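Using the sequences plus the hints, can you model the full thing?
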Amino acid sequence: MDEIITGFRLSWQGAQGYFKVKPDLTCLGKIIGGGLPIGAVGGKREIMKLLAPQGDVYQAGTFSGNPLTMVAGIRTLEILKKSNPYKKLEENTKKLCETIKEIAKKYGFCLKVNYISSLFSIFLPIEKWKDTKMLRVKI
Numbered sequence: 000m001d002e003i004i005t006g007f008r009l010s011w012q013g014a015q016g017y018f019k020v021k022p023d024l025t026c027l028g029k030i031i032g033g034g035l036p037i038g039a040v041g042g043k044r045e046i047m048k049l050l051a052p053q054g055d056v057y058q059a060g061t062f063s064g065n066p067l068t069m070v071a072g073i074r075t076l077e078i079l080k081k082s083n084p085y086k087k088l089e090e091n092t093k094k095l096c097e098t099i100k101e102i103a104k105k106y107g108f109c110l111k112v113n114y115i116s117s118l119f120s121i122f123l124p125i126e127k128w129k130d131t132k133m134l135r136v137k138i
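The sequence shown: position 43 = 42 (numbering that gives the first Met the number 0), numbered continuously.
Misleading hints may appear alongside valid ones.
[Claimed, not checked] Straight-line distance between alpha carbons at most 30 Å, and here's what the computed DSSO-like set of lysine-lysine pairs gives: (1) 80 to 94; (2) 29 to 100; (3) 105 to 94.
[Said to hold, decoys possible] Computed spacing ranges between beta-carbons, pair by pair: (4) 44 to 17: 18 to 28 Å; (5) 17 to 102: 39 to 49 Å; (6) 66 to 3: 20 to 30 Å; (7) 77 to 111: 35 to 45 Å; (8) 50 to 123: 35 to 45 Å; (9) 102 to 50: 22 to 32 Å.
It is worth saying that the hints were derived from the structure and are not from the lab.
The structure displayed is predicted, hence computed values, not measured ones.
Positions of the beta carbon are idealized from the N, C-alpha and C atoms, including for glycine.
Given below as C-alpha cells:
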C-alpha cells in the first residue's frame, strides 16, 4: 500500500488503519522523516525476508541510513504516537475546508473541496480555468 502521502496523516496506522486494510507491503515517506528526505518499506515477513541481508534482493538509496534523518524520523513517530493529534487535525481541516468553500461562494468561484481527516484537495472546473487567475486578485 502506498502510504507516502497518507502515512500518519489519517491515523497512527495510516490509511491502512483508517480503512482497516491489511496490505502485503507498505511504502512510507515524507512525514515519517519529520521533514527530512526519507523512505521506508515494511511488509509481511515472507516478503521482507526476500530483502538482503536475509534474501537476495539488495535495497539501497542515496539517503539510506542517514543518521540525522533516522533520528528525526524516530522523534517524529514518538511525538505522533504520544500526542495523538488526529482528532484535532480532522477538526482543523474541516474548518479550513468549510472556510474555503464559504469564501469561494462569496466571490462566485466554482470549486469542489474534498477532505478526509487532515488531507484535502481543491478542484477547479476545467472549463473555467481562467477564473483561477482572479482568485489572487479578489481575495
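Do the hints match the structure? See the list:
no., hint, verdict
1, 80 to 94, "holds, 24 Å"
2, 29 to 100, "holds, 28 Å"
3, 105 to 94, "holds, 16 Å"
4, 44 to 17: 18 to 28 Å, "holds, 24 Å"
5, 17 to 102: 39 to 49 Å, "violated, 28 Å"
6, 66 to 3: 20 to 30 Å, "holds, 22 Å"
7, 77 to 111: 35 to 45 Å, "holds, 37 Å"
8, 50 to 123: 35 to 45 Å, "holds, 43 Å"
9, 102 to 50: 22 to 32 Å, "violated, 49 Å"
The structure fails hints 5 and 9 (numbered hints given earlier, in ascending order).
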